[in-house]
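Based on these hints, arrange chain B with the ligands on the given structure of chain A.
Here is what each chain is made of, one letter per residue.
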Amino acid sequence: MFLGLDVGGTFTDGVAVSAGKIISTVKTPTTHNNLLECILRAIDKVVLDTGNKNFERIALSTTIVTNALVEDKIDKVGLCIMPGPGMNIKDALPKEPYIVSGYIDHRGHEVARPTEEEVMSACRHFSSCDIFAISGKFAVRNPSYESMIADWIRKKVKPSHISLGARVSGSLNFLRRTNSAYYNGAVWRHFNQFATAVEDALLSRGIFGPVYVLKADGGTLPLAVAREFPVEAIFTGPAASVLGIMSLHPTRSPAVSLDIGGTTTDIALWQKGTPIFAEQGAKVAGYATSVRGFRLKSIGIGGDSFVRWEKNALKVGPMRYGPAMAVGGSKPTITDAMIASGLIEFGDKELALNAMKELALEGQTPYEVANMALDEAVTCIYQAVMSLLAEQEAEPVYRVEDIVQGRRINIEQILGVGGGATGLIPLVAKKMGLSYQLPDHGMVANAIGAAVARPTLDLTLRADTVKGFYTVAELGIKNRLPKSRFSLEDASLLAEQHLAELAKVTGIFLGETELIQAEEFNVIRGFNTVGKIITCRLQVKPGVLLPSKEVF
Amino acid sequence: MASQKLGLVFFPAFDWAISPAHPEREERLLYTRDQIVEEGLLDMPCIREYKPQIAQYKDLERVHIGVPDLSSLITDAHLVSAGGAIAAADAVMRREVDRAFALVRPPGHHAMRVVHGTRGFCTINIEAIMVEYLRKNYGIGKVAIVDTDVHHGDGTQDVFYHDPNTLFISFHQDGRTLYPGTGFTNEMGSPNAIGTTLNIPLPPGTTDAGLHEVLDHLILPVLNDFKPDIIINSAGQDNHYSDPLANMAITAQGYARLADKLKADIAVLEGGYSIENALPYVNVGIILAMARMDYSKVIEPDIATCPVQSSAVTRSISAIIKERQNMWATKEKLQQEAIAKAGDFWQRGRNIYYDDAGIDERQKEVVRLCPHCSGYVTIETEAYGMFGYKSAYIATIPNQACPTCQKAAYDAVYKAKKQGKQQLYFVQNKMEDRLEIL
Ligand SMILES: [Zn+2]
Ligand SMILES: [Zn+2]
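Chains as they are written, first to last, in the numbering used here: chain A, 1 to 552; chain B, 1 to 438.
Bear in mind the hints are in silico, worked out from the structure with no lab data behind them.
Treat each hint with caution, since some may be false.
Residues from chain B that face chain A, not an exhaustive set, calculated with beta carbons under 8 Å [stated by the list, open to error]:
id, residue
1, 30
2, 39
3, 40
4, 41
5, 52
6, 281
7, 293
Note that the Cβ used here is the ideal one computed from N, Cα and C, for glycine as well.
Chain A with its partners taken away, still in its complex shape (with noise of 0.2 Å):
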């Protein structure tokens, strides 16, 4: 039996899947001082619903991270950096980092060394620091600069904990990795507290399981490697949502998916039955960071938007002031434009048509101000969904074939989970002349994501045949090539070699892999081919796996 818990800005939303079907569902309020109590809180519902005690796996969709960095309980982190030649990127950071003098060239040539005298002078800046971060200008094409100033600082001051930027990711951006490596510190021990505290809970309840938790690209990670890695667990919550809806309604055409909740609208694009990565990694507190995820688009319309005129229009959202007047609430909102048009049936329908009363103007029914509200907010999802696809299509490419066969996507289905998605996609559907699906749980799409997320993982492997040597910044690695003749089929295999042993690492099934990057330049001296250089990124799939199969 699988228990996913998605964690959410409202509701704690928890499920169980057994034999890949959902025996059980359970909402909680969101306790937001205290994420622990409302997650054992579902926790035990679904013990006490299901009487189990023994999970094949719990995963977690938390905003533990989230809410480290928007209450500032985030620890003070000595950054040291390697920037090299190159933009100054100081003033970029979210901190003032202590720059070292080593560097390493775009072949990944070791151009300078760094001493450990100005480390050890690092090392005194940073005296108050117990957790260091340090991230260097092209350590993914060979990382043993980074390597080499964690051991000098582990000797002389020994932190509890050091980020390293090639370790974090093993993209190329230095200024993101150097964000990545700088939050990952930053939210450490703020995330490793509650990951003891979590362990500690389900043991003293006797309730066993391994625990994975959910990252922004819809994998999810082992408890022990999240605990390295905290900044992978941010903005989980639309990642866990886009893969429920992944296991509740499989499908290969090309389909915008909408998560409509009470506040906003999660937008994602699919293709080929995979949601479309983001080409970049997310934002955190407004700095560039690594952490990778889908292509998502939220808007601030959901069912709780309220509904008022501005300036001779009816306008809707982003400002939500609690539930529909139809179940009790003060203000009128798209739920009750919904409940008065008779679209669904949901709380008090004669206090929805209140609701509307109080908007409409002279000689307007209810029913024709909840149909202007309904259009209205229909028109911003749309609107929405079509800049998701602009920017899609914006996105640069660097081959002339993809410049001229462009990179067009032809939506050919709406997918609706969320509390306002029976609703309101009907009508985005007729507006977009498309067909549409509501699964069935989509409700809580966002758990069943979280519990069927299936573990990934990734790694670059880049070589130089005419340096004799490959990198796996990943694994921290620059090893001498295996053979002269190396070519890109050899690397993809090494690659694949090498994500096994990550794989064994962390405690992962390796499954399916597929390459997401594969590229293969010739190096050539006067007239001559001398060489290659050769990147290849290899990922376990991501996607959903069900206890007895698999729905890919």
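Then chain B with the ligands, alone, in the frame of chain A:
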């Protein structure tokens, strides 16, 4: 409202090469891509990345006449790189950004008006196409193009040689020592446009110091005097000390300071073949300077290998600056003399060599020295190209041509067709924005 924003069209064309070991090959911008992405430049709030468009043949035909036709001479990559320049222009003209850099390939500044094939790695002239696009779509009048590639921008010079509204300034390694072997001081434009072609041949071994002398005392004052509506930079990077194709000694700092002072509205990448040691740093330097960011930390790892400028080089740079200042100051007089000498028509015959394609073109060009407009141009061209012997007779009607020149251009082509010496007959009618095949 734009706020010190740079639009960046980055298109490395990773699937396009002239041939596998050619300098213009797939990985030319690979290390530049690595550096730009690794720096995190595309995340900077003052830099906005744009995708190239695909240029239309209509855009190309405002500049070029392909013999036998453009479509059989170019690849999709050319349409995308011209479209990259156009996307940069659109971003600036729509005021989404303050300025833009089209960091694209393949390059274009050796491509002339008539195209029989590829020369100097160029088949179509992406800056020229962009300039005519700006004129057509945004009504831009006076344009200044500053070509900072180490090679003389002979293609751009050719396209605008008779156009007094386009100031073409090119500094380059002296043509006696480098391809394409042109760009001397006596190439000043045809009589109606004298002075608006300004060549500055520099001695091999010129460093940042020499280059900035030229910039401060010649290029910037001339621009100030010409008062263009827009400044375009043909941003070649092969003046770098590590470039394998030339012998100059400019650094990334030298290029970045150049971009900083020039304040071009749009820069378009041209050459630059030190793909590992120069391009990553030069491009980052130019991007930072154009985005008004701190570029002082962009230093090549091997900067110690950059030579110093000899005193002989310094002296010869001073001399060329002086001579060019004089020319600019007296260009009205030079023009009157040239017009008086030429009479009603000015003409020249040339051989144009296409090094990449091994084609020798013979061309005769005649310009009417019209007192009312810049005058129509006729071109007779013949070459043994990839499609065998091809010849054409072309008339070009400039923007704002007078009615007499418009009619005379057509008459000239009809007359040539009647004589039947060529295989193809074209009128490039800029006023009506079309290329007619007669
Ligand atoms: Zn060049
Ligand atoms: Zn005329």
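Consistency of the hints with the structure:
For residue 30 of chain B, the interface hint holds, since its Cβ comes within 8 Å of a Cβ in chain A; the closest pair sits about 5 Å apart. Using the Cβ-Cβ criterion of 8 Å, the hint placing residue 39 of chain B at the interface with chain A is satisfied: the shortest such distance is roughly 5 Å. The restraint placing residue 40 of chain B at the interface with chain A holds, with a minimum CB-CB distance near 3 Å, inside the 8 Å limit. Below 8 Å, beta-carbon pairs count as interface contacts, and residue 41 of chain B has one with chain A at about 6 Å; its hint therefore holds.
Here the hint on residue 52 of chain B is kept, as its CB sits about 6 Å from the closest CB of chain A, short of 8 Å. For residue 281 of chain B, the interface hint holds, the least distance from its beta-carbon to any beta-carbon of chain A being 7 Å, beneath 8 Å. Proximity of residue 293 of chain B to chain A holds as hinted, the smallest CB-CB distance being about 7 Å (cut-off 8 Å).
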